[in-house]
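A.B. asks: Sequence order for the protein chains is P and B.
Residues in the first sequence are numbered consecutively from 15, following our numbering.
Residues in the second sequence are numbered consecutively from 26, following our numbering.
These are calculated hints, taken from the structure and not from any lab test.
Treat the hints with care, as some may be off.
[Stated by the list, open to error] Derived list of chain P stretches under chain B, where covered just means 3 residues or more per stretch with a C-beta under 8 Å from a C-beta of chain B:
| no. | segment |
| --- | --- |
| 1 | 321–332 |
| 2 | 438–444 |
[To be verified] Derived DMTMM-like pairs: lysine to aspartate or glutamate, alpha-carbon spacing no greater than 20 Å straight-line:
| no. | chain 1 | residue 1 | chain 2 | residue 2 |
| --- | --- | --- | --- | --- |
| 3 | B | 274 | B | 246 |
| 4 | B | 201 | B | 161 |
| 5 | B | 181 | B | 93 |
| 6 | P | 482 | B | 110 |
| 7 | B | 201 | B | 110 |
| 8 | P | 482 | B | 161 |
A virtual CB, placed ideally from N, CA and C, is assigned to each residue, including glycine.
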Amino acid sequence: MAELTVAPGVREQLAAVARVRWQLFVNSLRTLRGRMELVSHIFITLGFAAGGIGGLAASCGAAYYVVSRGKAEWLAIILWPIFFFWQLFPVVATAFTENFDTSNLLRFPLSYSSFALIRIVYGSLEPATMLSSLWLLGVASGVAMASPPLFPWAAIALLLVAAVNILLARMIFSWVERWLAQRRTREILGVFFLLFIISFQLIGPLMSRYGRSAHPDLRQFADRVLPIQRLLPPGTAASAIASAADGDYAIAAGTLGILGIYGAAIFWFLDLRLRAQFHGENLSEAPALAESSGQRGIVRAGWSFPGIPGSVAAIFEKEMRYLSRSGPMLFTLIMPVFILFIFRLTPSTSHRGSGSFLGGSSDLAFPIGAAYALLILTNMVYNNFGSEGAGVQMYFTAPVLIRSAILAKNLAHSTILALEMVLVWIGASLIYKPSALGTTLATLSGILFALPVNLTVGNLLSISSPKKIDYGTFGRQRASNTTVFASFGVQIVVVGLAAVTLMAGRSFDRVWLATIVFLVFAAVAWVVYSVVLKSIEHMAFGHREELIAELTRAS
Amino acid sequence: MNSAAIATQGLTRRFGALTAVDDVNLRVAPGQFFGFLGPNGAGKSTTIKMLTGLLAPTAGRIEILGLDLAANSLEVKRQIGVVPEGMALFGRLTGAEYLNFAGRMYGLDREIAANRAAELLDFMQLADQPKKLVTDYSHGMQKKLALAAAVIHGPKILFLDEPFEGVDAIASGTLKVMLQSMIARGATIFLTSHVLEIVERLCSHLAIIHRGRLVAQGSLEELRAGVEAQAAAALPDDGVHAPAVPGEKLTLEEIFLRIVGGARPVDQELSWLS
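Looking at chain P on its own, in the form it has when it is part of the complex (with noise of 0.2 Å):
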């Protein structure tokens, strides 16, 4: 017998994946379209390079003023969105957010610290993640500029930050994922969900409670909230910087040492769901739904409709089934309420508001809610084959046309949309105050127009640029490059176009133009639909071999 290999170091581990990461990008351009990728990809890059450098010159000269004025603790200010943005882009944003997956790297001989240290050095590789870093680094180099003795503290303190947002991200998605996999976890999640909306009822009158009686003076604001902010990590760096600066080396370290305690407490919580994986842990529901036996010889007819063909329904009924059981597709679905909320939580910067972002427009909650509902769907109108995987071979083999097939998932995902608004309109009005009828009637239009122009756009991106994802794994629904950049140009004319016309109407106080115009536009889009669907056959047929290729490739 030959003799054993030598257990490899988890840096030659590291860069052997990293080396395969390279080899895979550099093979993927041997194709005209991973060359179209990497063109997108770079666009996208561009895109959010802006965003990183613009936000490091503001962080570092927010950074340095209030440094140079004595008001370190202020720095807390400037922690707290990145902090937030860290943590919520990805789950706000799926489009750009891709994780790594790991679980086919247990068949070497991985050590657990190599594992862990993949999954959390890789799975950082995502745009939040480089944004805030160099956010960071903008508000280092401003406490640098404006006060040179402080930098080594600033630099630990906002490595620890970084430090920590790195671990909860990777915590909150891996325990969310957990969460999210199985049905009775779910349905406890979907419960809490349910009183979350109830309490927005609550939401209002506190709000205009506490936001009358307090002034809207952002420095009484934050007189309020720092006590209670500075027990959590970005307020804790900020206190410690502003405990150095002040000379208090002791409590600046004892301070630090805190925020080492949060970074350790979030790895253990990390740890244990990565033990887990890298134990082989398998988040099917198969044993829960294996339990529930006792049906055999049984099977109930599919879902019907009238006036629909039979392999129409069929298709439609597989997609809702494959949304019902997708975790991380149902909460993505969520986030639009969610982010009325968060918004509702935002301190407004205007004087004439009621104290909370669109506290001044709260009849745009809606519109607003509407059209972010709009933008969470292209993971699955741009790339509406991409859940099916070797599946999509039975479009091809059966006597059925593929542009019966798209209609199928068209029709699905304007179901979810429609359901989406009912969900946004209630939220809204819990959260803010029912919009008003114009209002409503000129967003449900404008979405009359949006919805065709994304079908239209996202079945030929669909064909012409498939990705295969897995609905049941959070984080990894994300359509291909081009197809992201692609979706992100059409979301920002639609919705550009459609802010601009409910604008318009609203300034002049008559907003029912605006539904009239958005429903001219609507009748031209659903033509171009029409006409589209009707010659997508050839292409699709024409693309057969890469749409098969792609999908049913091992992942």
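Fit chain B to the supplied structure of chain P, relying on the hints for placement.
C.D. replies: Chain B in isolation, oriented as in the chain P frame:
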């Protein structure tokens, strides 16, 4: 090309400079259990993909049940069942939902689809865990489910790409019973497989493809006679081409190895495994 269940003329498929399938002329009569064999990379899967509409030929013509596939693809697809490479399953459906879905995709009424799905689940011994998702099925269960979906509409021709790959003896037995009962009812089966013992037992007719070209076609007896005649006419140049023991029939494996050029003797050892 009349009266053939499957017929191809000059079927060719190129991928850039590579010709994966080169001028293949196949002919499968109705009711035949037809085995399509070849070494890895010979062009079997490419051929079956073209026959089932998953891949467009670069050149040539395909007729299924007398209908030109390019011109009548929907009509052809109504009459065939397919278990393609990768099985075309939808992982996040249950077995029953998947069969229901497949039935309705082939135009069955929803009640009929549900009844047949129940019957098929029972026949394939998949009815025990009706709520289990397909993604959680074992490989053998997935193969059985894929076959069940391919036959739910009662096809006249069944195309199977490696139906026995990775399947245990019990599941394999169930599949064989199902296939034989289809042949008994007059259906035509076209399968590719590397499990030559099974092909030898099941198939009445065979074709062998090698480096994209059809190198043999006929009944097992015809292929055997051809190989024996060639062996008698030529002197053997290695062990593989040695004549069979007098009085014993050549097995399909021996026929296959002689037609495609035999196996290279492995006399080299890997340095780190010695």
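A.B. asks: Would you mind marking each hint as holding or not holding in the structure?
C.D. replies: Tested hints:
no.	hint	result
1	321–332	holds (count 7)
2	438–444	violated (count 0)
3	274/B <-> 246/B	holds (10 Å)
4	201/B <-> 161/B	violated (24 Å)
5	181/B <-> 93/B	holds (16 Å)
6	482/P <-> 110/B	holds (17 Å)
7	201/B <-> 110/B	holds (18 Å)
8	482/P <-> 161/B	holds (19 Å)
Checked against the numbered hints above, the structure breaks hints 2, 4 and satisfies the rest.
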